[in-house]
Every structure is written in C-alpha cells, then in structure tokens.
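Participant: Chain by chain, the residues run as shown.
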Amino acid sequence: MTKARTAIRVYVPRDAAALSMGADSVARAIAAEAKKRGDKVEIVRNGSRGMLWLEPLVEVETPEGRIAYGPVKTSDVEDLFGTGFLEGKAHRLCHGLTAEIPYFKNQERLTFARVGLIDPLSIEDYRKYDGYVGLTKAMAMEPIDIVDQVTKSGLRGRGGAAFPTGIKWKTVHDTHNAQKYICCNADEGDSGTFADRMLMEGDPFCLIEGMTIAGIAVGATKGYIYVRSEYPHAVDTLREAIRIANRANWLGRNIQGSPYHFDLEVRMGAGAYVCGEETSMLESIEGRRGLVRYKPPLPAIEGLFGKPTVINNVLSLGSVPIILDKGADYYRDFGMGRSRGTLAFQLAGNIKQGGLVEKAFGVTARELIEGYGAGTLSGRPIRAVQFGGPLGAYLPEHLLDTPMDYEEFTKVDALVGHGGIVVFDDTVDMAAMARFAMEFCTIESCGKCTPCRIGSTRGVETMDRIIGGIERERNIEILTDLCETMTDGSLCAMGGLTPMPVMSALRHFPEDFHRPVQAAAAE
Amino acid sequence: MTKSTLNVKNVAPAGSDELARTICAAHDNRPDALLEIFHDLQHDLGYVPEETLTVIADILNRSRAEIYGVLTFYHEFRRTPGGQHTIKICRAEACQAMHTQELCRHAQDKLRVKFGETTADGKFNLEAVYCLGNCALSPAMMIDGDLYGCVDKERFDDIIADIDRGATA
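First to last, the protein sequences are chains V and S. Per this note's numbering, residue 1 is the first one in the first sequence, and the count goes up by one each step. Per this note's numbering, residue 1001 is the first one in the second sequence, and the count goes up by one each step.
Worth flagging that the hints you see were computed from the coordinates, not collected in a lab. Hints are supplied without guarantee of correctness; some may be wrong.
[Said to hold, decoys possible] Cross-link-like lysine-lysine pairs, in silico, DSSO-like; alpha carbons within 27 Å at most: (1) Lys-307/V <-> Lys-222/V; (2) Lys-1153/S <-> Lys-73/V; (3) Lys-1153/S <-> Lys-352/V; (4) Lys-89/V <-> Lys-73/V; (5) Lys-137/V <-> Lys-170/V; (6) Lys-152/V <-> Lys-326/V.
Chain V with its partners taken away, still in its complex shape (with noise of 0.2 Å):
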C-alpha cells in the first residue's frame, strides 16, 4: 500500500441529519486516524447527497470519483483505513463510486444538482459548479424578460400551494414603490419534509443567487430568509454564507459592477407551525403574533410593512437560477402536464431507505416508495401514506400508483404539497392519526378563526368519543359536519385543510372508526 504524497479529500456531511447519526464524531476520528497513520487528508464538511439511511455517508475522492462508505459509525473507522478506504477499496460499507448508487444515479438533480457535492461555505466550489451563471445572465436582461423567463418555466410554488411563480413576480414587478421585499419562506414546518433545510444547509448560495435574481426582476433591494428555530444549523449556514456573499459582492451594493442592490437577513421563527402560512410568516418577521392576514390585499400588492413583497418558498427559489441559466425550456422539459420541472421528494417515517429523490413531476408514488424507498422499514406491508405534510392526505396502499403531480392528485382527494411522503406499516391506527391532526390543529392554531381555534378542540372531542366507541354513528356524522365548516370558514390552510388528513383517514379506512374499543385505545 502506498501512502499518498497529497492530501487525499475525504467528505464528511455537515448536514443536520447526518449530525445527527454522529458525522462529527466520525470526522474528528477520521481526522485523528489519519493524524497516527501519517496519512495525508483533507477534511471537506459537505451538504448530504441526501441517501439518509446511509449517514453518515463518507465518501473518498479518488481518480476515478468518490466512493461512497455508509454509515459510518467512529468505530468502523480504524477498520476503513485498516482495508485501504482512502485508495476506494471495497469494505462492508463501501457502496462503490456515489454517481452510480442507482438511489442517486436515477434522479433528476437541478434544484439539488450541487447538493453534497460541494462544500456549502465555498463560493469557489459553488462557481465551479455553475453557481452565479445565472445570476449574471439576469444582471444582463431586462426585468421583465426574467420575469418571463420564469413564467416560461412552469414553475409553481414549490411551498405546496403551487401557485405560478412568474405570475407572482410579474404583479410584485408592475408595482410601483420605492420599497418592494423578497420573502424566502424557509418555516419547513411539515413533518415528512426536510427539503429545504437540505439546500440551505448543502448549497445556501444558491437561495441567496435565486433570491438576488427575484430582487433584481421585481425590483427589490431588500430580502428576508424565514427560518423557523427547530433548524438551527440552516440558521448558522445561511448566515455564514450571507457574510461570504457581501465580502465577494454577491449581495450588498452594486453586485459585480451592476447596478443593482441586493440585502439579506435572516430571521428565526420561535416554534409555531401557522407562520408557514405567507400573511402569518409576515407579521413574524415583523415583530408580531403569527396572525394570519385577510387577503386581499395580496402580499405582492401589500406585504411585509405594506411594501409589495414576493413570497416563495426556498426551493421556488433555489429552482431560479438553473431556469436563467439553461434556459425556461430546459425547465419545462421536465414534467407532466401542469406540473413542469422536477420536485424534491422526500422519503419518510416508516421507511428502509429514507432520504431526498429530486425527479421530474409524473413518477409515480409506489416508484419512490418502493423502488427508491425499499418499502418499509420494519419490513411490514405498507397501510397508508401521509402524502404533502399534517393537512395532507392519508392515502390506501392502491392509491399508489397515482402519479406525482398536482392535478393527478387533486382528482383523488389529495395534496403533492411540498414533496413530504410518510410512510405507515399496518400497525397505525388511523382514528389516532385523524385525532391527531385535530390536536395539532388545536396546538397551532393561531386563533383568529373560530372554525380552526374552536372547531379543532371539539374535532378532538368528537374524535375522542367515536374511538370510545360512543354513538359512533351520530358523531361520524358531527365531524364529517365540522370538518365542512373548517373546510369553509377558515381562512388559511391550518383550519382549512386539517380535514383533510381527517376526511381521507374516515374515507379510505373507516374500519379504524369502527374497531372494537378495548383495542381503539387512543395513545
């Protein structure tokens, strides 16, 4: 065995999820294995490529590409280096070279393309790989044209309302005021979803470049990054990579030579589902209770401090500049129908190989579940499928085979939303995950409509006494009844959707409502 006379890069995720499978502690062994051995390594604390079952996924660059080692606990790593991993030698953990790992060789990365492959922090690295190309196509185009350009796309709000991107910009764009905002809604709220904390933390400059790109076409010098608090590392990473950003004229004044004026600021959220919502999220960062607003006026007539203000979710955005820089078309090649470009799926809860599979609109939900996702991890056969995060669906194992897109899945009662797929074996009982969405409702509800602040608690009520096995009948029918009233009467998607996951739940498993009581125990 030849020792290396350069330093041989090795890539540790410093990604939050593999932080929290122990990828530091493997770094530092790495680091310390390396140090006795008197081999030369560099330590590269990358984003995840997003094969979470496998983190920490190490990976060694060698001549003929990275291979990939996965997981990686400290105490295997004596062993890696004992059989040669730092020449890419075969292992039990070793998974050959990380572009081939089917997993990852069948997605269609474009928003995710430079995510896990670089370092987040270097801007050197985020250039290397295309970063800033389209920003500088935008600087040199007429507003308007990028508006266009991103009409052209097909790109819809990526937050889960799937909202045409490019028209929100254009009202924000024909606005006149001084002031206008750029929004970035990064209050990833939705269990099952994890998508956006990925981008920020495995390549932030590519928010910051879509976000500069919207502020240029819209005309706004100013933009705010809503990060809710349960994510403090996306925190650190974004705020670290704006500083990077404004030493390189990425952002501040006069970006590269131009004209134009770009700022951002991050802002923490403080623990409450509801400011996800867009009205809800501005009065957040404006200092406020999380009240949802009255619409209209629309925020992109009347947003943050009254400014015309742009709001898109992070990965809207991080899609921006892959569309200026290889074009709308290229973006609207991938899809399906009303459904253009790709979606960020993300794998979870009761899942062998959980992780993030970027593909184009139109893969089917049992392709991802049990093609990429290997079926469930506790081996059991799967029962239901929470698709689009809390107030999304419950889908029945048939129903898989609907094809992920919007409108597909609207025909059978559900919602792609942002990308969230969990998975259940048959040991839920879906009368406690219905009694669980209203609960949730009750805890996070901002209380400004009646039908979500009171109808959630006597949803909880009712949900109680029809698992107690009390005139279950009579109280189906009440809350069947109640759920039309939050359907209708609320004003954002907390009261208005938490049906949903009730209403599917009651529709596709209505044996769960109906089940023996001793055995219908709520937890």
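Place chain S on chain V using the hints.
Facilitator: Below, chain S alone, put in the same frame as chain V:
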C-alpha cells in the same frame, strides 16, 4: 410551577434590564426585531423574564401588552426559568410512523416529568415539538440545538447519561 422551585442559577434577573437594553441596541432598537431580541435574551438567561418587557416596550416604542402578546404566542419562548438542558422530542407524523409515542412515554417515565416540565434536579426541560426536519431518521430529538436521529429507548438513555456526566455530545 413557580420560579422558586426551579434552577436557582436562572432566578436572578438582576441586570436583565441592562441586558435587554444592550440586546435591543444590538438590533438597532428595531421594533420588527422583537423575535430576535427574545431569542437573544433566552439564549443568555434561559428564559425571557417578564420584568424585561417594560424596558423592551419602551425602547421599541410598542405597548407592553403588545410585546407580551408576542412573547406568549410562540411556543419556543419560556417565561420562567427552566433546566440546564432542553430536550425536544418530535411527536409529528413521520416520527409517529416510527413509534415516537413509545419514546415519549419512556422519556417522561425516565425523567419523571411530563412534557412542559423540568426535572426535579433542574437538569432537563422536556418538551414536545412537531418536526425537526429529520423525518427519514425518525424518531428525532434535539437537545440544546444538537439533533439526534433514530432515537430508540436505549439510545435515549445513552444520550441522557452522556449529558448527565457532562460529556460533550
């Protein structure tokens, strides 16, 4: 739960008015920076003492009632001193799919507290949260900003024991 029964270290808001002034100034006394101001206060003191609200309201030129309303809206902010470490266990759907209910029961039994309470020795606050963004490695837990994945009962005990011993995570 009264303050006096809790961690003595945090019960002295002496100088907290001054700290509040300093923190407000660091945020240019901007009324919209209120959440950031609360975060900073909580970071330094472990909670946001109600005594500081009058000072903050004066500086930001907002009413005390309004400031109080903001403080009480957000789950993250504590109004009473708590333990040295805050354990947040995810109760959301993806973690439920991996039986977080069992972890929640175990944690409450083990620490002999319910969610929202502080252990008798003042070491741990136990809180329920709804999603930590680690849904492919459920159940998830966060302690003082450090995230943990695939937390079963044994792993929970090991992590708590490490922290109890004062070992760094």
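Participant: Which hints from the list above does the structure break, by number from lowest to highest?
Facilitator: Violated: none.
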